[in-house]
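Fit chain P to the supplied structure of chain C, relying on the hints for placement.
Chains as they are written, first to last, in the numbering used here: chain C, 1 to 458; chain P, 1 to 60.
Calculated from the structure, these hints are not laboratory results. For clarity, every value in this text was computed on a predicted model and none was experimentally measured. All clues given are correct.
Using 20 Å as the maximum straight-line C-alpha spacing, the simulated EDC-like pairs for lysine to aspartate or glutamate come out as follows:
1. P:Lys15 - C:Glu322
2. C:Lys89 - C:Asp40
3. P:Lys15 - C:Asp315
4. P:Lys18 - C:Asp315
5. C:Lys266 - C:Glu390
6. P:Lys18 - C:Asp323
7. C:Lys281 - C:Asp365
8. P:Lys26 - C:Glu322
9. P:Lys26 - C:Asp323
10. P:Lys18 - C:Glu308
Between beta-carbon pairs, the in silico distance windows are:
11. P:Ala52 - C:Arg239: 19 to 29 Å
12. P:Arg38 - C:Met1: 45 to 55 Å
13. P:Pro27 - C:Gly284: 46 to 56 Å
14. C:Asp249 - P:Ala52: 37 to 47 Å
From the three backbone atoms N, C-alpha and C, an ideal C-beta is built for every residue, glycine too.
Given next are the chains, with one letter for each unit.
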Amino acid sequence: MSAVDIARAVKDKTSSAIEATEAALARIARHDAVLNSFTDVTAERARAKARAVDAAIAAGRDPGPLAGVPFAVKNLFDVKGLPTRAGSKINRDLPAAARDATVVERLEAAGAVLVGALNMGEYAYDFTGENIHDGPSRNPHDPTRMTGGSSGGSGSAVGGALVPLALGSDTNGSIRVPSSFCGVFGLKPTYGRLSRARSFPFVFSLDHVGPLARSVGDLALAYDAMQGPDAEDAACATRPAEPVSGLLDQDIGDLRIAVAGDYFQKNVFPEATEAVGRVAKALGVSRTVEIPEAARARAAAYVISTCEGASLHLDRLRTRPEDFDPAVRDRLIAGAMIPAPMVDRAQKFRRWYRSRVAELFKSVDIILAPATPCVAPRLGQVNFVLDGVEMPVRANIGLHTQPISFIGLPVVAVPVPLEPMPIGVQIIAPPWREDIALRVAAALERAGVVAAPPPKGI
Amino acid sequence: MAEDSLDDYIDAASKLLKLPVEEAWKPAVRANLEVSMRLARVVDEFGFPDEAEPASVFTA
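Bound-form chain C, shown alone (with noise of 0.2 Å):
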């Protein structure tokens, strides 16, 4: 069941909360030995706080607009009572969160009810959804492939609908690409536009947090829900809510829509420029527009990645260096390395990129780009062959979603159901504004061109 169906039939008192969520319960305990996507499950807590709903309902209160939905996060979000681990070894050592992320109290304020913590790579470094120390979340389409990262387990466990909704976090793509691999819908908002406080950093710069789902209406509620103000993030705007959830269906006949060319359509594999062609057929689209210097602003997203990954982590790459992966340590003792103006420049880069980008959302108000270069590659896969190039893997898979997070540009990811692995695009809007991009990602789920398909590997 959706988000949207389970809170309706609880406020109707068809079901109830805690059926719902002992029905989270149960397929989690069945799935997730294939999947792996959950590292915590809190079902004491989640049968609480089902209860409460249920009780203020019998009581005659509103228990929100996500009532009795299950929901699981990214396991870099506070979550009271355990350690936010954000994928590592080292963070396991940590006390106890004393507070949950603010998402997480706004969520659970409209209704919805927490399972548990997800899987991810280790300190949202990774494209991948592997991990060394909890092992890979496991594609719920074919479980000998990626689930892409860093959000693996949220991908993972929306996809294998153990849970209708989750949370993950996007630096350089980390909701963007499970959503691809994993077929499901993933919203990266506008930089500041969600609150990241009680969530483990990575970037400041160029850290979000979103949610995920099966469908755009339980992905529009879950957003209004986490919206608003919240002076515990520096970075979070100060612009009121702004509800989309009742819009969804407006038509979207007046939007300026293009197919981003050039830089977004190199290295990708056919599977990719056959989902942007998809989308595009059913929108009308034949208008290509270029986003200059694409290429420039990956590389800038980069260095701002791992020079700002570096310092958060320099005294830990100091002291344990042995409780990283390796692989993440490496890039980050190299990031620490980087010469200071390189950084500089990389945000100066920024301002000027950001700056063209917005002359072109002039003349333009949905832009379309694939979300991955290709569907889920094996677990495991270091590299893939394209255009008779041997390229390595893990570099290459958030090739297209690094320009547009750079400069906080809000988007919604959408999957496009091919066989035999569904493969997501991005629907790309100017900042602040989500409602468009939504609506235009409703108009393609009304239409059958976008799904998130039954998983079939579990």
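Relative to chain C, chain P alone:
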């Protein structure tokens, strides 16, 4: 940068940052630094005017 001089740079930066790099990690650190610096050069070559301001305070 020649391999030897990049190794020398890693050794010097390791000391300067008080960031130990074991011999066994060096090839991977160097490979990562080569990738990072290749991408940093792409940015470096952009040609910045003196007036260019960083996005260190970023609003979308």
